[in-house]
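Novice: Next come the chains, spelled out residue by residue.
Protein chains: 2
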Amino acid sequence: MVEERRLQSFVKAIRPRYEDFLAQMVQVPSISMDPSRAGDMRRMAELAVNCLTELGAEATIVETEGYPLVSGGWTAGSRYPTVTIYNHLDVQPAQEPEWKREPFAFKKEDGIYHGRGATDDKGPALSALFGALFAVQQEMPINVRFLWELEEEIGSPHFAAGLKNRAAVPRPDSVVVSDTIWIAKGRPAVPYGLRGLLGARLTLRTGSKDAHSGLTGGAARNPLAELIEVVQGCVDAKTGRVKIPGFYDEVVEPTKEELRDFLRSGFRVSRFKTAYGFRSLRTDDPLEVMRRIWAMPTFELHAVNGGYSGAGIKTIVPSYGEVKVSMRLVPNQVPETIFALLKNHVAQLNPDVTVTQEGVLRPFRGVFEGPYVEAIRRAIKKGFGKEPALVREGGSIGAVVTMQQTWRVPILFMGLSLPEHGYHAPNEHFDWRQASGGIRAFAHYCSELATMGKVEQEKEERQRTASGKGQRG
Amino acid sequence: MVEERRLQSFVKAIRPRYEDFLAQMVQVPSISMDPSRAGDMRRMAELAVNCLTELGAEATIVETEGYPLVSGGWTAGSRYPTVTIYNHLDVQPAQEPEWKREPFAFKKEDGIYHGRGATDDKGPALSALFGALFAVQQEMPINVRFLWELEEEIGSPHFAAGLKNRAAVPRPDSVVVSDTIWIAKGRPAVPYGLRGLLGARLTLRTGSKDAHSGLTGGAARNPLAELIEVVQGCVDAKTGRVKIPGFYDEVVEPTKEELRDFLRSGFRVSRFKTAYGFRSLRTDDPLEVMRRIWAMPTFELHAVNGGYSGAGIKTIVPSYGEVKVSMRLVPNQVPETIFALLKNHVAQLNPDVTVTQEGVLRPFRGVFEGPYVEAIRRAIKKGFGKEPALVREGGSIGAVVTMQQTWRVPILFMGLSLPEHGYHAPNEHFDWRQASGGIRAFAHYCSELATMGKVEQEKEERQRTASGKGQRG
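Sequence lines, in order, name chains P and C.
To convert, note that position 381 of the first sequence is 380 in numbering that gives the first Met the number 0; the numbers rise steadily by one, no gaps.
To convert, note that position 17 of the second sequence is 16 in numbering that gives the first Met the number 0; the numbers rise steadily by one, no gaps.
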């Protein structure tokens, strides 16, 4: 149904507009984690609405008690299927000293788009938008909706509330999420499962002010030392093995079949190390690396705050310490259970330490076979010239679980980012190769869904729900 | 030899000048630890020279490869004894959020002098200066010299080199150091020993950039987690017991006699906790607290840098971590030996961790009996109305060991700070009660030394050196 020649010339023609939109979006420092950026978050929502309406789509800001959602799209008619494409427009902070350019000054260079948010997730959002625009211009019998979140990087605390606004955010027949990463350049990957996330802060105050370590050291308690002893009691640093009793009880280990799929994914340890800049890993066995990053839970230490972190060594005994940790969770771990286990374990290690929960994302298991997966396969093959591998993704997208629970429709993934793009890392970038492949793949996916039609999709969904088929842990 | 009435009216008369000098000094943020303060360090040296010359003393800036020394004083004649009074004019950083006032905006309030450096060590330096001024005005037969350092807070790296300038920094007959703290308000204390200090940085890099913990967590090494495992392998956080093999081998435990002196010092655990704002201690036994803070070595964790320390939890796997620690050392621990033990132990715990030495101060043992100690006793009794207790001090003053090694003359201590003054802590302050008592005590001490005379002092020194008497570990 897609005329390839027409699609090629469309993609070529809209490139300047794509780059203009991306530049505008990257230049807004929409850091949802930083409370001082509230004004930028509002600007981001307004800019998103402008991008949609400039292309002739309707668009609206859906207010929540946090940052809003942006909802919009093109309606062909109620007899046609509706697909909602999910992206997010908030970004990670960009404080790392390794940044070579101003993170929020968009820079285009030889088809590379530099800036925080370029690949996570503004660039992919715009690829989906322009892919859908092609479908609309070709008058395909499909309704395409966009759902752009502004709180993804802080665990989607108000996303579920936003979805309750059914008028502004209608229930679709299926969802496609474009916020995941390939295994490697030239190796498209479609995940069918996501890890969950549970953050926690451990704090300890032993005094009202920092004290001179010469005058008090030896008798004074050291809250930093006590906190790290607790962390060390939660995880074995070298192996990553979590020591919290009961932590692994509900973990569903990947099946032999899944592990066989992993081995077919094209994952290479050397590429993984290069993409993320690792000098060494906890293991060099490829299957074990995949198992650990996709299918096993973790306990990660992100920061230890307190004491004197400036230049030189200030010889104080700190009065307060804070530790930031998070756990990636896998099916069937339940975040509430894991938090209770953590809290109990910390209380046994050091009863003076306070444990606070910071954000919860449940692990997700999605469809891995059936017509939607086949449609994604074909769309990616046509967009990028290569079949995707079916994998899991080690990251967490809270909104996915919420959409699954709210709408109970199939949720598919069509991510466009590469490992070397620097997700959550310094010098983030995106590129035209992935952007244009993505536009083509989204145009083809719209065509696939239009061809499938609404009736067919409803039938498929009924069967799937009845049999439980197509679910995998 | 001191006419009390005359001294009282002198003290009263010079108070405005004392406060003016202190205000000027506190307003210079002479943070030797902060390389961006080089200009302020120079201003501090110049201001110090001005203070001395305004009072009629000669004064000179003694250049070193680091920050200079300020040397000056009044000369009565070479047949009279010379005392050098040591203070330092550099200060600790003042970044703590607990500061209630601008740290470098001097504020006088009901006889309290607020500001960083007020008690450590600018206030005591000026007390000594004005006490000596009285002696000079009374034409006492004594030469009084001042040696003001600007690198005390960074471990006196160029002090020894500065002392080699014999013309600018002549060898005295005795030294008095005014940079120590009483046991409690109303309980003067004279220490005869100091702990040493050995700082170290532990660093570990496992990647070139921080990575997304969803995409890499489980396989990626976590340098923060590995570093804290190393720290935990060096010290038991709850007891403070150092786990480095051989660490305690050369420690000379305090004798029964010393412990008996400690018990007579007026030390109270409750006062200690209040003064430093501690909620609880590792032990509540008073003698054990004193033993730990004065006579036993420590391993203190000051900071863990790396990862994301901003607002919220940024779920990255850090690529780099840095830990700042220091050890207080006691006689007869040798810093070089201890550093070698640390380095060896860390290499066994984690060979990828780099250990860097950061500053060394040797532990010190001084005189605890004889005419100088008696002179100090009488001067303090007259200045403050109460006999001092002979104690040890848990802090470290690198310059003390250097002066001992360079000049081989008696070094005495006459500190004026109180525990509640906030040494190395937020809301540092000094007060007129301690300042004026100090001026009186220094005036009396000059008188005592003048009465003792040069010949007597030389005889005493020869005896002391020959017999080894008056040394205590």
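Take these hints with a grain of salt, some might be off.
No copy is singled out in the list; a pair is fine if it fits within one copy or between any two copies.
Think about it this way: if two alpha-carbon atoms lie no more than 30 Å apart in a straight line, the pair counts; the simulated BS3-like pairs of lysine-lysine are [said to hold, decoys possible]:
(1) Lys342 <-> Lys11
(2) Lys255 <-> Lys107
(3) Lys381 <-> Lys163
(4) Lys99 <-> Lys255
(5) Lys163 <-> Lys99
(6) Lys163 <-> Lys208
(7) Lys237 <-> Lys255
(8) Lys163 <-> Lys106
(9) Lys184 <-> Lys11
(10) Lys272 <-> Lys458
(11) Lys184 <-> Lys208
Simulated from the structure, these hints should not be mistaken for laboratory data.
Novice: Does each hint hold? Answer for all of them.
Specialist: Against the structure, the hints:
no. : hint              : verdict
1   : Lys342 <-> Lys11  : neither (55 Å within a copy, 61 Å between copies)
2   : Lys255 <-> Lys107 : neither (44 Å within a copy, 76 Å between copies)
3   : Lys381 <-> Lys163 : neither (36 Å within a copy, 80 Å between copies)
4   : Lys99 <-> Lys255  : neither (43 Å within a copy, 62 Å between copies)
5   : Lys163 <-> Lys99  : neither (42 Å within a copy, 47 Å between copies)
6   : Lys163 <-> Lys208 : neither (47 Å within a copy, 40 Å between copies)
7   : Lys237 <-> Lys255 : within (26 Å within a copy, 45 Å between copies)
8   : Lys163 <-> Lys106 : neither (38 Å within a copy, 57 Å between copies)
9   : Lys184 <-> Lys11  : within (22 Å within a copy, 81 Å between copies)
10  : Lys272 <-> Lys458 : neither (44 Å within a copy, 73 Å between copies)
11  : Lys184 <-> Lys208 : between (52 Å within a copy, 19 Å between copies)
Of the hints listed earlier, those the structure fails to meet are numbers 1, 2, 3, 4, 5, 6, 8, 10, in rising order.
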